[in-house]
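Build the complex: two chains, separate frames, hints provided.
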Amino acid sequence: DAGVTQSPTHLIKTRGQHVTLRCSPISGHKSVSWYQQVLGQGPQFIFQYYEKEERGRGNFPDRFSARQFPNYSSELNVNALLLGDSALYLCASSLVAGGSYEQYFGPGTRLTVT
Amino acid sequence: ELKVEQNPLFLSMQEGKNYTIYCNYSTTSDRLYWYRQDPGKSLESLFVLLSNGAVKQEGRLMASLDTKARLSTLHITAAVHDLSATYFCAVDDSGGGADGLTFGKGTHLIIQP
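Line by line, the protein sequences give chains A and B.
Adding 35 to a residue's 1-based position in the first sequence gives its number in our numbering.
Adding 8 to a residue's 1-based position in the second sequence gives its number in our numbering.
Do not rely on the hints blindly, as some may be mistaken.
As the list claims (entries may be wrong) - Calculated pairs, DSSO-like style, for lysine-lysine (alpha carbon to alpha carbon, straight line, at most 30 Å):
id	chain 1	residue 1	chain 2	residue 2
1	B	113	A	48
2	B	11	B	113
3	B	76	B	64
4	A	65	B	49
5	B	25	B	76
6	A	65	B	64
7	B	25	B	64
8	B	64	B	49
9	B	11	A	65
10	A	48	A	87
11	B	49	B	11
12	B	25	B	49
13	B	113	B	49
14	B	49	A	48
15	B	76	B	113
16	A	87	A	65
17	B	49	A	87
18	B	11	B	64
19	B	76	B	11
20	A	65	B	113
21	B	113	B	64
These are calculated hints, taken from the structure and not from any lab test.
This is chain B alone, in the form it adopts within the complex (with noise of 0.2 Å):
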């Protein structure tokens, strides 16, 4: 059985700090998705990694991913209040068929002025 874990699940920042979410999944996969969560709304694409090495950046949100280690990073840079949300990263184990994503549990992160 796939297993996604993320730490911290609970992180409170300050305003202009630095930080590193992890994701660690215990198969194979090649194929690594992080989302945003706002309070009671759905889930907002963030990163789309797809092999060994990729690293994507969108502002002050940058994700890497290493498969040989299994593990994913979302590094928050100067961190800002509007980042405050709970992240996800799911794993996509189907080898090409149909099992849906594997979340982790989340990491809800309060960025404070």
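Bound-form chain A, shown alone (with noise of 0.2 Å):
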């Protein structure tokens, strides 16, 4: 079965700009979760969907949005783009949300900001 899915792998944006990255889970896994990891620090929970409601949130600013599709797949948007959001973005999927439910996570997407 394929993993965690994740599109685009790299992408440069400048300051000011809007960006939008992908995430298919898990085949039948229907919660979706997405984590901003600068260089040289773990991850940062930025939200969590499940059954496409939002079920968390970290924090973020309101710059930072996200939506879980009828197919569970997702999307993390970032408008207003700052130097600060260079990161590399992770999904993780899990069965359901909460719980003891192991997180897989994909292969990420590095955003460069310039």
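Here it is, written out as structure tokens:
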């Protein structure tokens, strides 16, 4: 079975632009979470979606938004990009939200903001 | 605010030696995860620890969880070069909700021949 997939792999944007990152979960998984990993740090939680509804949100500004589609894939949108948004963005899928269900991470999208 | 602290943050060791990475956290959660990350790559799940006293082993790695001490350890036995990577612990404190995982800063492990 295919694992979590993310697109694009790499992305270069200019300050002030908008970016959309995409994630497809493992087949049968209904929950998708997004994390931001700045170089040299551990991942930080941004959002969790389950059954197309936002179930949790980390400490990120409103410039960050996300949604989940009926097929459980997800998009992360970031508006008005800042240099500090440069990071590896990781998507993780799990069977359901919360509880003790393991999260499986995708390969990530590396975003560079210049 | 949940805090997860790993130590050491950097570890250089020789092949064949044993060592332990520590993960302290500030909540009463009993759900803790260990991940491995190779340079430029994503996170690979190593262990899922879901109760006090849980111990899991895979090859040269063994992880344990003490929820009363709020401590998890990742023990490396007879290290080999292939284990060189960054290791993260992560705590799930959502209490059945959806607050995501809180990660430590990671332990950058280099194993030298």
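Does the structure break any of the earlier hints, and which numbers would those be? none
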